[in-house]
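Please model the complete structure; the sequences and the hints are all you need to start from.
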Amino acid sequence: MAATTAVYHAKQGKNTILVSSDPAHSTDDVILQKVGFSPTKIEENLWAMNINAEKQAKEFLERTNEGMKSLTANIPGFDSEILSDMAGFPGMEEYFGMEMIYNLMNDTSYDVIVFDTAPTGHTLKMLTAPDTIRAFILRVLRMKAKIENIKGFIFRKKSETAKIVKELEDICERIEIFKKLLRGDDCSINLVSIPSEAGYQECARTIKFLNTIQLPIKHILVNNIVPDFGEDVWNAAEDNPAAAMTYRRYTIQQPYLERYRSLASEHQVRLVGITLVPFEPMGLLALEKLSTLVWGSKGMV
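Heads up: the sequence shown at position 172 corresponds to 172 in this note's numbering, and the numbers run straight through without jumps.
Fair warning: there could be bad hints in the mix.
Distance windows between CB atoms, simulated [what the hints assert, rightly or not]:
hint, residue 1, residue 2, range
1, Asp-185, Ser-265, 16 to 24 Å
2, Glu-62, Ala-135, 15 to 23 Å
3, Lys-218, Asp-107, 21 to 29 Å
4, Ala-236, Leu-271, 26 to 34 Å
5, Asp-111, Arg-248, 38 to 46 Å
6, Glu-44, Glu-266, 38 to 46 Å
7, Ala-242, Phe-279, 14 to 22 Å
Derived by calculation from the structure, the hints in this document are not laboratory data. Where is the CB? At the ideal position from N, CA and C, for every residue including glycine.
Below, the structure is given as structure tokens:
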């Protein structure tokens, strides 16, 4: 869905980049081209890249550890390894993934950025990571203030300590800016689901959770819908096992589709249904064909 959305916008003449945070790098498999960790041109108006924030996160944690050791160097008996453990707080890699998206959003080279996230659990961790990181940073800054108030306390490597504190404060500022961008009219958060019990429940929980952190969903894309082949096909179900199996799946999906309609109406979210297609949506030609079915004359809001 992310790839076909990117292809759709590129065909509309907009400079579009498809960015994937999925560690499996399935983007390569979908577009049938090797995609690296920097923008790779796929065709006219279309670029793609994978995110690998592990290296940036590792370098940041190394700098943080050094700064914290400097911060507490003169406290007798203080085990600096405790702070080293704290520096490895959850969500560090997710934050740097978000920072890369933030940088792209400020890059005038692209009109549209399509961010293909990893599966739901990983993505929710990424979206909440800034708050976790901010809480940790504020604790560090409060600790620094308390240490500085100790009478006669002398810091070593003051410039190094000031540098790491400044970096932490800058992260706080970027987090707030990024959250505002996610909530803005120029950003569209879309969930992709399937008409099944597990799919529906995960979609409903995700919408509820994102509402609590004030990140509204704009589209629900329900994929893999069995189309209504009509009475002629369904009447053959009694004698034709293939028709019977297709009809059974069709009837199973109908109550879930109704629940998706209610869910979309309740949260004022646009619902987009995508039926199964008689081709594998891999490669640019197939993705372009699929994009007309997904967005077509409706287009992406």
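TODO: Indicate whether the distance between the beta carbons of Glu-62 and Ala-135 respects the range 15 to 23 Å.
DONE: holds (22 Å)
Task: Ala-242 paired with Phe-279, Cβ distance criterion 14 to 22 Å - done: holds (18 Å)
Open item on the list: Does the beta carbon distance between Glu-44 and Glu-266 stay inside 38 to 46 Å, or does it fall outside?
Closed with: holds (41 Å)
Task: Outcome of range test on Cβ distance (Asp-111, Arg-248; 38 to 46 Å) - done: About 44 Å separates the Cβ atoms of Asp-111 and Arg-248, which means 38 to 46 Å holds.
TODO: Starting from the hint 16 to 24 Å, judge whether the C-beta atoms of Asp-185 and Ser-265 obey it.
DONE: For Ser-265 against Asp-185, whose Cβ atoms are near 21 Å apart, the range 16 to 24 Å holds.
TODO: Can you let me know if the beta-carbon spacing of Ala-236 and Leu-271 is within 26 to 34 Å?
DONE: holds (30 Å)
Open item on the list: A range of 21 to 29 Å was offered for this pair. Does it hold for the Cβ distance of Lys-218 and Asp-107?
Closed with: holds (22 Å)
In summary, this structure violates none of the numbered hints.
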